[in-house]
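Novice: Residue numbers (this note's numbering), protein chains in the order written: chain A, 23 to 476; chain B, 23 to 476; chain C, 23 to 476; chain D, 23 to 476.
Some clues are possibly wrong.
Unchecked claim - Listed below are several chain A residues computed to face chain B (Cβ distance under 8 Å; list not exhaustive):
#, residue
1, Arg96
2, Gly98
3, Leu211
4, Gly356
5, Ile357
Please keep in mind that the hints were generated in silico from the structure rather than gathered at the bench.
Treat the numbers as computed from the prediction; the structure is a model and nothing was measured.
Beta carbons: idealized from backbone N, C-alpha and C, even for Gly.
There are 4 protein chains.
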Amino acid sequence: MVDFSKIIDFFESSNIPKNMLNRGQLVLNQFLNPIKILFEQRSVPNDPWTDEQIEFLLQTLSNMDTDKDNNTARVGEREARIASKLHLRTSAGFCHGVGRSGFLTAPQPKAPGGSIMYELSNYLARNILRNFGLPNIKDAIVVPLCTGMSLSLTLGALNSDGVKYNLNLKRTVIVPQIDHNSLLKSINLVGFKPKIINGKIFGDAVRIPIEDIKSNLDEDCFAIISITSFFPPREPDNLKEISKFAEENDLVHVIINAYGVQSPEWMKLIRSAIDAGRVDAIIQSTDKNFLTPVGGAVIASPIEENIKKISQTYAGRASATPVVNFLISMLSLGINGYQKLIEEQQQNRKTLERKLKEVAEKINERILDIYNPVAIALSLSNLKEEKLYALGGALYNLRVTGPRVYNPKEKSFGTCCSNYPTPYIVMNAAIGAKEKDIISAVERFERAYKQIVQ
Amino acid sequence: MVDFSKIIDFFESSNIPKNMLNRGQLVLNQFLNPIKILFEQRSVPNDPWTDEQIEFLLQTLSNMDTDKDNNTARVGEREARIASKLHLRTSAGFCHGVGRSGFLTAPQPKAPGGSIMYELSNYLARNILRNFGLPNIKDAIVVPLCTGMSLSLTLGALNSDGVKYNLNLKRTVIVPQIDHNSLLKSINLVGFKPKIINGKIFGDAVRIPIEDIKSNLDEDCFAIISITSFFPPREPDNLKEISKFAEENDLVHVIINAYGVQSPEWMKLIRSAIDAGRVDAIIQSTDKNFLTPVGGAVIASPIEENIKKISQTYAGRASATPVVNFLISMLSLGINGYQKLIEEQQQNRKTLERKLKEVAEKINERILDIYNPVAIALSLSNLKEEKLYALGGALYNLRVTGPRVYNPKEKSFGTCCSNYPTPYIVMNAAIGAKEKDIISAVERFERAYKQIVQ
Amino acid sequence: MVDFSKIIDFFESSNIPKNMLNRGQLVLNQFLNPIKILFEQRSVPNDPWTDEQIEFLLQTLSNMDTDKDNNTARVGEREARIASKLHLRTSAGFCHGVGRSGFLTAPQPKAPGGSIMYELSNYLARNILRNFGLPNIKDAIVVPLCTGMSLSLTLGALNSDGVKYNLNLKRTVIVPQIDHNSLLKSINLVGFKPKIINGKIFGDAVRIPIEDIKSNLDEDCFAIISITSFFPPREPDNLKEISKFAEENDLVHVIINAYGVQSPEWMKLIRSAIDAGRVDAIIQSTDKNFLTPVGGAVIASPIEENIKKISQTYAGRASATPVVNFLISMLSLGINGYQKLIEEQQQNRKTLERKLKEVAEKINERILDIYNPVAIALSLSNLKEEKLYALGGALYNLRVTGPRVYNPKEKSFGTCCSNYPTPYIVMNAAIGAKEKDIISAVERFERAYKQIVQ
Amino acid sequence: MVDFSKIIDFFESSNIPKNMLNRGQLVLNQFLNPIKILFEQRSVPNDPWTDEQIEFLLQTLSNMDTDKDNNTARVGEREARIASKLHLRTSAGFCHGVGRSGFLTAPQPKAPGGSIMYELSNYLARNILRNFGLPNIKDAIVVPLCTGMSLSLTLGALNSDGVKYNLNLKRTVIVPQIDHNSLLKSINLVGFKPKIINGKIFGDAVRIPIEDIKSNLDEDCFAIISITSFFPPREPDNLKEISKFAEENDLVHVIINAYGVQSPEWMKLIRSAIDAGRVDAIIQSTDKNFLTPVGGAVIASPIEENIKKISQTYAGRASATPVVNFLISMLSLGINGYQKLIEEQQQNRKTLERKLKEVAEKINERILDIYNPVAIALSLSNLKEEKLYALGGALYNLRVTGPRVYNPKEKSFGTCCSNYPTPYIVMNAAIGAKEKDIISAVERFERAYKQIVQ
């Protein structure tokens, strides 16, 4: 076997001087050293890795899987046979996927390298969350599913005893009004009924009073969902009180933290909720928080057993790619890179507010007074219905992606309440956005506004 | 815009002679022409594409997505921002994933190219199945989920009206005994109870008599599952009769065709079942049938509406990679490549049987008489319990992957019945296996057998 | 053939809305449009291309070469057959190389795409030089040879009539002292003798007086070499006077502008020389000026015929890679990117001077008064011989690459004169260097100096 | 530093069972082991490496070069700074190129990895030639130049003393008529005059009688060139006699073995020549013999000192890519792969002869009786001049690349003699060609012939 720590030994009798070889070894060591540290510490590196280092790690690990073994006789029905070398790229070489017999984190005998890769990724998932606001979680897992499907999986997992032992099941999940289709679908998918507690208007903000939640508890309630990140005018839930309420009433409590890791404020809400009462799982998207392609989520929990249950509920094996994507993000960002992105986000949020305020004054509108560390809503009270509609189209033509123009009279779903009085537009200064995105979006908004008003 | 059909026009005034430019254009056209045909016919190409052609298509399409647009102002919370260029590789550039608001096949405005890619893939999925045994399906969809999770999704989708309208739901799914954890988990996950109809022994084979299924019907039954491909001694279900039974009793009928596309015989069973009665969905793995990395499935149906329902049930957006992997396989194999693989499989199956028979005679055992076009079981009646256990280990050490040594006395789960009398070993001549796999697996088995017998 | 300008037409009957398809087309056009402009204008783009755009161009062109034609019957002895797909990467697909029968720029019938690529590259070579200081050149060529070998080729080419017609050849090349091995070797290689005119000391600087050059002319003189960029204490030659002298005496005049494109001042010297007298060729390195890997040069000339002669002198076909590398640099930098690099260089040069001055004062040395827009020399008068030697080693250990510590007493070759009185160290603020390189090199120098002085 | 031989140690405390980790290590070792053997034996591996293994080696070595060292302060004028990551691909990471101060094989302090790569490649060059016919060479070097430029370099190198010491130089090189432009240019380039000894016709073949060579010797003769591989009707030179003649008359003797390594018969001629007299250098193309992209050559010699001289003559540094390409070919073919290619070539040569004979009979022509283990010439006596011209065009349109239709009356250059009586067509069954190339070329020739005859 090649011991790269001794590569120079092979060349001692060569024409290349020893001090040059030493220099080469030193440079190579610098390249390889972060891999060693990763294996030792199993935590997100402080500094970003280069793409080449990440590829080197992935290639080394994927070359431990048995599909790379030319000397094997394969007589299973699944042996990670592939039709094209391009598949090695889309899977980063982990053709066997992850999981075994419907147990996601179970080591897969045909894929030792893939198993190590997944174990590492889960360590890093726990580590990044502990570093950025949740020191009180016990375990975490990266799942190759979006946030919504992760909620299905979590509810299914935490209900599994019920199903298995054929108990008289509770079927209701309390949902403080969250106007999001995927979320409601995810509850339906696993056979539960959402019991929606309607949002109420407080000034500009929409909140769901804890009293309303409490008064809606009945015997069929199995779980309660709460959220951090959401679109204005909906504010985050009172996680701490919900957490206490869940504990008192023996309810499963799942926090949807879709794109909340980017905000230390939202993370603090979760931390307090964990300390105050019962939190079963916290679900966050890998793409919205960690800049991966769409398709993964991190599920964390202060209860180690919960993560195990969840990992045993995925009914089969799964694509390794969303896991690899998370790993790539962690290594290419590092703790410092992620910290920097968070600071940039906070700066951009301020810029967005300042720029929108300037426009607001010109057009006689105002920033709505809603707590949200990522998004801002601006009133559009002076626009008639057809103009509101035209505004959306105008922004699309000006290539602004992501803003939401809302007319509550036309459609209340999305405001998380009934009869929200003010039309508005929402923009996000989300993690990974650039200052130029923010500035040019506001400029184009102003241009679009003027166009349609004329 | 560059019109590559006229690339030579740009060079007419150059020093390069016209006939050379024409030759260049001709070679380039040969490279690009399959792309044109794919767009026109939306069917699996007859002949394999090169990797370069596949990459060219993927790159062209992924460069239609808005995350590649430098001139956009992005103020959404999800904008396919990525931390590393390596993510472009694992996602083939489709960072936005697939789906919109929990509707998998809905076009995604931020990802026109990704939407085209997914639509194309679904056309090809329908086309390959129609070409290889199921001309009577109406639609198909590639899902970024394994077979088991696809069953969850299908059951959830076909039950969605019940959940939505809060009806008094039926909760039972009839399962002719299938000893497979993922499958049972997938039924549990979405809130159903499997009602298992026990397998019975007929000679060497294990079957579930249609009468037993019929006599177990009760009012709580919502669906019935049936299978084609499975491990011996379990034989495929009587799909035609189950299909009629489902129709008569208004049961949802889902066929698990995990690795069945490779066998024209299994496919014929399904085709007849569709013609004879009710089949709601047929689920097949992309990796086991189409040589992709693990992580996807194709769900097909003779009922177009069903596929739409299923695609609306995935609660969120999903990784594009399993879809891209399916597309890569289709293009790199082509109809002719797949046909060739099927013929090779059939040849290998014969070789496996011949070689195992030779060994059987030497060791005084016999090939079990079980119908299976992929796998073969050999009796191990002369081995005592501890030797059976040792055999598995010995094979592992000899680097034979995939064989299953079974001692029914020790563990009946897996035999699909109780009291199966004969210990046995199963080997597969599955699609994509090489002749040398088959031959060397049998040789090593013989070696291992002798080792442990001594 | 696929007309990518009409890709959406294929999808008009799809489920994807027209406005989404239009958006996709718009993004794709943005990706492809620079290619169209390049073909139309044949000049260095203003703005940088992305790596993906460059790859797309290279792949399109290389797919016009006949080795990509599956339908060809190849019965030549050279058909660009390759042993491994990795060769496609190292050659960017241009396996046929460049040239035909020892005529570099002659179109190669088997490689229409490669021929276009090379023609384009030569246009860009002429264009970049015209943009950055030499509007008065007529033609340029990228050669897959370093600066020294390019001089051999140039001398050989401009002497070819002599060899061909068997004339009584002149054999001497006048070289104002340039202490550089490769250069002297390059003159020897093609059968000439360098006649070296010794450098003289003027203050700190070393120059070769034009009178000395003039007085050394004899009947055997065929050519004269002059330089711009070189290491202090050698200053650039008086190009204008040499140019006049060459014209008056019918001498071939080749300017070695090794890494001179980065400096508008050096380029101005050449421009004036062209206007004032005779310049046959100007040779510049692609790696030192344009940030390619080592291995190419650009030869330019105000005389179109010269470039043709040179391109007909390379005795065979050549690797396409150094040409492709030049093309990659041009496209990935663009005019604006290169302008920015030049400004950064000038800034770094100032920083280097300021920082070195600070150290000089501390150690009682001084910046030598030598004209050079890239490099700076600092006196090391206070160090004894063995300390000077130790300083080099210390810098090596501190990982400073590129500084030259010179002790003229030990070795005069390199100073371009005899008896240069002062030991010195040279550092470069060359194009592509980062500010942190400059700052940390000076810091480490100070540290090394203190170490060895103690 | 990571010691990959102990990667499992890092995971001993993980959830992954020890036996699985061992299996992973075993598979990884199988991947890495060939690298170890290569370092130990420094010879061409017996069996082909995978692309992934080759990439792993190249990446490991290129990561030893100082341009990969983030901690270096770079203040040289050449520091392998690159404008784009694409350059890492075209150079396989070896951005520093090869060589130092005009000494190709001198270790480059800034590029320890590149220096190792080059040293390895040169070992493999010597080894492959020793394995395939030339056990009696002492050293070899891969140069980033084509065959012709390699001849220039070789002549220049072996003449360097003359130039350096200003001796009264001999200026003539004896060339047994070789009608090849590049070769003649290469002699001119370095200041020599070729003295061509005319070819004579012997039956169908063209040879240059040794007596004619001997009688042309004069005092100005410095060297003699001889060839193996060439186009019919020219046969290989009488290497043995030329070799003796060179020894007797103190002439430098360079053998042009352009694409001769593929033929054990040609190699045997060289081997005998080395044993019989004086051979200074043997030059072979890397692309025509070893299936690399165009741009490199291997120069071998039975005199170790000669290779050193040659490597000191390249006037500067050079692109590493042609060297890397040679290395890639060696590793991806292996001794066994190359042996197989040679056998395939021999088979194809027979097929070509058989097929051409069949056509010859039909059209009343004949295979010319000329010794050549690669190419075959067929007479075209029945075609008039304009038909001969038309035949070339017709073959081009039918996409046959590489055949040469010759009408000696129109143009004698190429026949290596004057007044060759018979028009003919030449086709090659060269190494790397496929049987289908041969068969379809002959078929298309027949078709083209019929077309133009009608």
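Novice: With reference to the structure, classify each hint as holding or not holding.
Specialist: Consistency of the hints with the structure:
1. A cut of 8 Å between beta carbons decides the hint on Arg96(A): the least distance to chain B is about 5 Å, and the hint holds.
2. Nearest Cβ of chain B to the Cβ of Gly98(A): about 2 Å, under the 8 Å cut. The hint holds.
3. Look at Leu211(A): its Cβ gets to within about 4 Å of chain B, closer than 8 Å, so that hint holds up.
4. About 10 Å separates the beta-carbon of Gly356(A) from the nearest beta-carbon of chain B, more than 8 Å, and the hint is not met.
5. Interface restraint check: Ile357(A) against chain B, minimum CB-CB distance 13 Å, threshold 8 Å, status violated.
Checked against the numbered hints given earlier, this structure breaks hints 4, 5; the rest are met.
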